[in-house]
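There are 4 protein chains.
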Amino acid sequence: MSEDAGRARGAVPRRDDDYSAQAAAERRRFAQEHTGAALAHVGHFSVDPAELAGNIENFTGVAQVPIGLAGPLLIDGEHAQGEFYIPLATTEGTLVASYNRGMRLLGECGGVRTTVVEQAMQRAPVFSFGDARQARAFGVWVDENYAGIKAAAEETTWSGRLIGIEKYSVGAMKYLRFNFTTADAAGQNMVGKATLAACEWIRALYPGGIDYVLSGNIDTDKKHSQLNVINTRGRRVIAEAVIPNATMQRIMGVDTATLFRSRQLSNVGTLISGACNNGSHSANGITAMFIATGQDVANVAESHAAIVYTQLRDNGDYYWSITLPSLILATYGGGTGLPTQKECLELLGCYGSGKADKLAEIVAATVLAGETSLGSAILAGDWVSSHDALGRNRP
Amino acid sequence: MSEDAGRARGAVPRRDDDYSAQAAAERRRFAQEHTGAALAHVGHFSVDPAELAGNIENFTGVAQVPIGLAGPLLIDGEHAQGEFYIPLATTEGTLVASYNRGMRLLGECGGVRTTVVEQAMQRAPVFSFGDARQARAFGVWVDENYAGIKAAAEETTWSGRLIGIEKYSVGAMKYLRFNFTTADAAGQNMVGKATLAACEWIRALYPGGIDYVLSGNIDTDKKHSQLNVINTRGRRVIAEAVIPNATMQRIMGVDTATLFRSRQLSNVGTLISGACNNGSHSANGITAMFIATGQDVANVAESHAAIVYTQLRDNGDYYWSITLPSLILATYGGGTGLPTQKECLELLGCYGSGKADKLAEIVAATVLAGETSLGSAILAGDWVSSHDALGRNRP
Amino acid sequence: MSEDAGRARGAVPRRDDDYSAQAAAERRRFAQEHTGAALAHVGHFSVDPAELAGNIENFTGVAQVPIGLAGPLLIDGEHAQGEFYIPLATTEGTLVASYNRGMRLLGECGGVRTTVVEQAMQRAPVFSFGDARQARAFGVWVDENYAGIKAAAEETTWSGRLIGIEKYSVGAMKYLRFNFTTADAAGQNMVGKATLAACEWIRALYPGGIDYVLSGNIDTDKKHSQLNVINTRGRRVIAEAVIPNATMQRIMGVDTATLFRSRQLSNVGTLISGACNNGSHSANGITAMFIATGQDVANVAESHAAIVYTQLRDNGDYYWSITLPSLILATYGGGTGLPTQKECLELLGCYGSGKADKLAEIVAATVLAGETSLGSAILAGDWVSSHDALGRNRP
Amino acid sequence: MSEDAGRARGAVPRRDDDYSAQAAAERRRFAQEHTGAALAHVGHFSVDPAELAGNIENFTGVAQVPIGLAGPLLIDGEHAQGEFYIPLATTEGTLVASYNRGMRLLGECGGVRTTVVEQAMQRAPVFSFGDARQARAFGVWVDENYAGIKAAAEETTWSGRLIGIEKYSVGAMKYLRFNFTTADAAGQNMVGKATLAACEWIRALYPGGIDYVLSGNIDTDKKHSQLNVINTRGRRVIAEAVIPNATMQRIMGVDTATLFRSRQLSNVGTLISGACNNGSHSANGITAMFIATGQDVANVAESHAAIVYTQLRDNGDYYWSITLPSLILATYGGGTGLPTQKECLELLGCYGSGKADKLAEIVAATVLAGETSLGSAILAGDWVSSHDALGRNRP
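Sequence order for the protein chains is C, P, Y and F.
Counting along the first sequence from 1, when you hit position 114 you're at 113 in numbering that gives the first Met the number 0, and nothing is skipped either side.
Counting along the second sequence from 1, when you hit position 138 you're at 137 in numbering that gives the first Met the number 0, and nothing is skipped either side.
Counting along the third sequence from 1, when you hit position 359 you're at 358 in numbering that gives the first Met the number 0, and nothing is skipped either side.
Counting along the fourth sequence from 1, when you hit position 215 you're at 214 in numbering that gives the first Met the number 0, and nothing is skipped either side.
Since the hints were made in silico from the structure, they are not lab data.
Backbone N, C-alpha and C fix where the C-beta goes; we use that ideal spot for every residue, glycine too.
Just to be clear, a hint being listed does not mean it is correct.
[Said to hold, decoys possible] Simulated DEER-style distance windows between Cβ atoms: (1) R312/C <-> E154/P: 53 to 63 Å; (2) A245/P <-> E50/C: 53 to 63 Å; (3) D313/F <-> S45/P: 55 to 65 Å; (4) G9/F <-> T34/Y: 40 to 50 Å; (5) W157/F <-> R160/C: 38 to 48 Å; (6) G380/Y <-> I162/F: 22 to 32 Å.
[Claimed, not checked] Using 30 Å as the maximum straight-line C-alpha spacing, the simulated DSSO-like pairs for lysine-lysine come out as follows: (7) K166/P <-> K166/Y; (8) K166/C <-> K341/F; (9) K341/Y <-> K149/P; (10) K166/P <-> K149/P; (11) K166/F <-> K149/F; (12) K166/P <-> K149/Y; (13) K149/C <-> K341/F; (14) K166/F <-> K166/C; (15) K341/Y <-> K166/P; (16) K341/Y <-> K149/F; (17) K149/C <-> K166/F; (18) K149/C <-> K166/C; (19) K149/Y <-> K166/Y.
Let the sequences and hints guide you as you build the complete structure.
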C-alpha cells in the first residue's frame, strides 16, 4: 500500500527522518499554512517520535485525552485478584464518577468474580466455485486436509494457533472462518497473515486450483455481528457479583426488586430494537480503558456487545452478571508499548506477555461496575441530575 | 450520583482544588504507591486541569494518542467543500497510510459528494400500565397532548427541538422514543433532561398517574441496534463517489469489475453473519477522528453501522456509496473544547456552533476513503503485506 | 403473468372449463400417467371447483388437513368476548391437546384479555436517483405532495386507506414504505395496486421523471424482519392473562416462580441466537388456525414473531403476556370464502366484514394458551412423554 | 399432558372410540349447538379417522385446501432428477400460475441444479450453575464425556445420530445445542427425547448434580433465528440455475441486467429492514408444498429464511442461486402418511424412507422457480395486473 513519491500538490509532507520531532513539526506548520489552525497543544508530547514507527504514519502530534482514576475495584478473578485502580480516558463528564460509584458498591459486596471462558480471533476468506457441489466438495477437502492447513497457517506465527475452521455454504461459495488463539495480541493482523498462508497452501494443492478472497466479510472485523455473539471473537468474559438489597439501597438508592422489574423492561426493549446489548453502556467503560491502555479503539465496535443476566434471590440479593462475547484486546503489540499506554497497563499490572486474560477480567469487572451505577441512576432519578452537576452539557 | 466523603481505605484522593496540577500529581503519586507504576508520561500534558471540570473526574493525567495527518481529502459537500487534512488519532500502523491512499484515489476522481439526510437524538422512556388497553389509551393521550409534551421538553433547552415521538406497544407497556434535533451537540444528556421534563409533565397531568422508567433500552444509547439503522440516531450521512476503472487500477491495482464481484460476496457474508455493516471498516476512520476531535468515542458503538451500495456502470465506472445511519458527533460541548481536540476541529474548520453537519460530512468522506483502500487491498493482495511493512505486529 | 398456450410437451393440461370437476380429474389422470401416483383422496372434495377461480390455478383436488377442536377458550376481548371453540388444522399429534390444556388453564383464570393496538399493511417501492441529494429532495417532495399521493392510492380501493409513508435513505435511493389500513382483508394485493397507482401518479408529476421498482424488499412481504417487529405489519395484538400459582400448579404441575426463572433463561437464549420470538411456539397455533380459516398460510413467516413479557407478582400470581407485532390475517377475500374455511370462520363468528379484529384477538388468545402449555411442559417434564404418548414419532 | 376427564361444562366431547367418524360427527354437532355454525364441508373427508391417532386430537373433520399442479419442473439434483409435477396447496390466486411460469423458464434453461449440503436437527437444553466458572468446567466435562452422552442419546432412537454439541456461555449458564441427523424424519420429537436421555445421563453422572431446562430457547424451534441461518436447522439446500438473457426476456419480459440492478436494491432493503431473506417469497412455495405433502407447516417459520446470490455474467447470462439454510421437512412420520399427503409425496416419488433429501431438492427448486417469476414480475410491471386477473382480491 505504498504511497508514491510524486504526489499531487498539497500532499502531507514526508521526510527521510519521518519519525522525528522535526517531521512532526513540519507537518504541523504545513497544516497551519493550509488551514490557519495552530496545532500547539497537539505538538506537546513526551512520546519519542522514533518509537512510533509501526503505530502511525504521518505523525504530527498527539491527542491529549484526560485520564481519570477510578477505584479501587475489587476483583476475584483467575488472573486479576485484589484491588485495582482503573485509568479511564474520556472527555465525558460523570463517566469516571459513575464507574467509581459502581466499584464502591461492588467492593462492599465482596468484589467481582471474573471468568474468561473462550478466546478466538478470526480471518474469514470466501472461496468461489462453479456450483454448490464443488463448494461442498471443497469443504470436505478442507476437513481432510486440516492438518496441512493448520501447519501452513502456523508457520507464519510463533504465538498464533489455529483451533478450528467454521464453514458456511451459500450458493456456489464456501465461506471459511479460521479461528486462532493469539496469546496476548489482539491478533487481527497475525491471523490475516496466517490465513493468507493457509489459503495459498490450499491454492497450491487443491486440484484444479481455487478462486478466493481473503475476507468474505464474516470475520467480522471492526463491526458488530450476531456471529460474534454466538461464536466469540477476541475473548468471551463474564463478570458476576451478588449484591445485598441493603447495600444496593444504601449506595445506589434503589432496591433490588425495582432493579429486577426494570431488567424485564430492558430485555423487552432490546428485543424490540434489535440491539446488540441488553445492558446499559458497556461501550463507555470499554472505550475509556481502550484509549488509556493502547488498544485498537475501533474494536469497541465488536467489544461492546453484551448479555446481561440477573437473578433476584429470595433473600433480596441481586445476582448481576454481564457476558462480553467479543472483547478484543491486547497487552502486547499495537499501541500497548507507547509511553502513556504502557504506564496505564503497568498501573493494572497488565503490561506484556501473559497478561491479556488479566486485562480482560479487569475490563469486564469495570463494565459491570458501570452497569450497576447507570442502571441504578436511571431508576433512582439521579441520572439527569448527576450529568447536570458533573457534565459539560449546556442546554 | 455523589460520592460520599467517608470512603473506604484506598479511595482515590480528592482535594478542594481538585482540578489542579497538584491534585493530578497527588493521584499519580497515590497510584504509584499502590501499584508501583510510575505515571510519568501520563503526567506530561499541556491542558490546564482547571479546564477539565465537566469532562472528567479524578483527573490524573492524559493519554497521548498519536495523530497522523491524512489528505488532502477533496469533498463536494453542502457544508464541507474543498480539500481537507484529516487528523487521525490511532496506534494502529497502516491505518493512516491506508486512508491516505483512499483519499488520493477519491481526489483524482473529483472528490466525495457528501449529504446529511437526517438528524435525530433520542431518549426512550417506558411507561407501564395495568394492561395493554391502558397502555394503548396512553398512546392516544400522548398524541393528543403532543404540543404540551413538546413545550415541556423544550423548556429545558435552547437548542434541542422535539421532532416526534415513536411509540411501541408490548404487553402492558408503552415504549416511547423521543426524537430531538440537537444542533451541534451530540445531545444525549440534553435529550435526557428534556425527556425527563416531558415525562414529569405527563406524570403531573395524566389521569390516575403514571409509572415510568426514563430508559426502556430502546434509545439505544451506546449500542448498535437495527432500530438505529432504520430510524437514524445522530446523523444519517451519505458519501458517494464515481471512480473510473483506469484510476482504480492505477492507484489500487484492482479493476472495478473485480470489486463489484467481491461486493456481492461481502453482501452475502453480511447476511450470514448478521453484521451491522456490509462494508469493511468504518469503525477505524470514525474512531480515529473521534479521538482526535473530542467526540464521545464510545459512540463508535452506534456510529460504525453502515450500508454500502455500489454500481458497476456500463463504462466500467464504479459508483461507490456508504450510508452511515447513526453517526453521532458534536462540534460543541463535551470534549470538543479541550486543547488538542479543539485544534483538530479547527484544522477541519469545524469548531463551534453550526459546524456539526460539516464535520459529519468530513467523517463520512473519510470513511469512504478507507473503504476504497481496504476493499482494494484485500483484492489486490497487499492487505497483509502492507500491515507487515507498516504495522507493529510481531508474528 | 399469462401462460402462453403453446407449452412444451408435458405441460399440465388446461381446458376451457378449467374450473370444473372434469378439468381437475383430467389433471389427476395426467399426473398418474406421468408419475404412477394415484390421486384418489386428493380427488375427494366437496368444494365446487367453479368457486375456486381466484384461489388457485390448475386445480387438481384438495389436501385434507385434519381439524381438531380445542376449547372452550375464554376471551375478554374488545371484539371477541366469551367462550370460543378453536379449529386447529394440523397433522402434528399433541398440538391440539396441548393448546386445549392451555385453554383450560386460562379459562380457570378468568380468560385472556386481548387487545389489537395497531394495524398496517405495506408495499414498499424504492426510487433511484443520480445521487443522495436528489433522493433527499424527492423525500421532501413526497411529504409536500402527500395528499395527492394518498388520493391516487386510495382511488384504487374502497377499503384501503393510506395512513403514512415511511422513508429510508441509502446511497442514491429513497425507500418508501406505504402503510395502509385494509379493513378485513390481509391486503397485500390491495396495497400493491394502490401503491402502484401512487407511484405512477408520482412518476407523472415528479419533475424530470422517476425511476422506481415497486418493491425494494422492505415491505417485508412473506418474510420475518426486525422492521415488522418495530413498525407493525398486519395487526399488532396483545394477549394477557394473570394466573394464580395454585392454578398453575394444579393444571400444569409447575409453580410460577419456576416459570419466571425459566423466562429469564429463555430471554437470554433469544438474545444469543438472534431469534425473532422469545416465546415457545406461536407458529404452531397460528399455522393451525391459518390453515383452518383460509388464511394465506405463508404469512406465518411474518406472523410468528412474538415478544413474551411476564411478571411474577408478590402474591405468586403470574402475569403472562404475548405481543404479536405482525399478525396478518383476513376474514374477507383470499381463501376465507371457501367451504371448509368459511365454516371454520363461522364457528368463530368471524366470517366476513368487520371481523378481522375479532379473529386477531382469537388467534392471539390461542397463541397464549399454547405458550402456557408448552412452557409448563418443558419444566414439568412431560414435554417428551406427552409427544411419546400422543405423537406419531417413531424412534 | 393428559386432559382430565372431569372437564368444566362445555369441553369438547370425547368418546371411547374417539378416532371414529361418529366421534367426529358428534363434535361437529357439538360445535353447531354452541356456535350455530354447520360444519358440513368440514365433515366431508375420505381419510379414515382411525388413521389419525398420532396426528390430531379431538378430530372433527378436515380443511379442504385446494391443490394446483405446477410443472414440469426440471431438476438436476443428486436425489431428484428429471421432470416433476409439483402439488401446491394454497388459496392464493396467482401463486400456482407464477410458480408454473418460473418452472417453464428454468426448464428452458436446462433445469435447476440442487444440492443438499448439510443436515441437522437440534434440541438445546440450558444448564445453570453457581457461577461462570462452574459452567465453564461443565463444558469441559461435556467434551470429555461426549462418547457417553452420545451413547445415551442414541439409545432412544434407531435413526437419530448425535453429530455434535454446540456450547454457549452466558453468566452462570451453559447453553448446549445438541445436533442430530434424523434421516427422513423432521425429528424435533426424536431429538427432544434423545436429548432428554442425554441430559438425564449427565444428571446421573455429573459430580454434585445438575440443574437444567430441556429448552433454553436456542433450538430455535418454530421460530426464525440468525443461529439457524448460520448453523443450519433441518437441511441446508441450494438451488442454482443459469438463465440466458434472451430466454429471460422472452418468458419474463425483463432483461438480466435489470434484474441484477434490482438485486442490489433488494440486498440493501434486506439490510435496512433486518429481514431474514433477501429473496422474494420463498414462504409461498414452501408453505404450499408443506401443506400438500403433510409437513409440519409451522416449520415455515424457520424454513423460509433464504439467501439469494446472483451473478450477471459477461455474456448476459444470469446465475441465480437461492440457499435455504433451515429447511425442515420429512418423508416419514408426522403427517406424511395421511391419504392426500401421501399421494402428493408419491406424485413426487418422495414417500417413505430415504426420500427426504430428494424432497428437499424439489422444494428448493420450486422456491427458485418462484423467485424468478415474482422477481421478474415486479420489474416487468405485471405483478399487480396478474393478481388483478388471477386473484380474489377485491379492492
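Given the range 40 to 50 Å, decide if the beta-carbon distance of G9/F to T34/Y lies inside it.
This hint holds: roughly 47 Å between Cβ atoms.
Within a Cα-Cα threshold of 30 Å, do K166/C and K341/F meet the stated pairing?
36 Å, violated
For the pair supplied as a hint, K149/Y and K166/Y, is the alpha-carbon distance within the 30 Å limit?
Between K149/Y and K166/Y the Cα gap is close to 15 Å, so the pair holds against 30 Å.
Would the pair K341/Y and K166/P pass a check requiring their Cα atoms to be no farther apart than 30 Å?
Status violated; Cα separation ~36 Å.
Check whether the Cα positions of K149/C and K166/F lie no farther apart than 30 Å.
Within the cut-off at roughly 23 Å; holds.
What's the verdict on K166/P and K166/Y, does the C-alpha distance respect the 30 Å limit or exceed it?
Holds: K166/P and K166/Y sit about 17 Å apart, inside 30 Å.
Restraint status (C-alpha distance of K341/Y to K149/F at most 30 Å):
Violated, because 49 Å separates the two Cα atoms, which is more than 30 Å.
Measure nothing beyond the straight line between the CA atoms of K341/Y and K149/P; if it is 30 Å or shorter, mark the hint as holding.
49 Å, violated
Given the range 53 to 63 Å, decide if the beta-carbon distance of R312/C to E154/P lies inside it.
43 Å, violated
Distance restraint evaluation - W157/F, R160/C, Cβ atoms, bounds 38 to 48 Å:
40 Å, holds
When you check the alpha-carbon spacing of K149/C and K166/C, does it fall within 30 Å?
15 Å, holds
Within 53 to 63 Å: is that where the Cβ-Cβ distance between A245/P and E50/C falls?
40 Å, violated
Taken one by one, the earlier hints fail for this structure at numbers 1, 2, 8, 9, 13, 15, 16, listed in ascending order.
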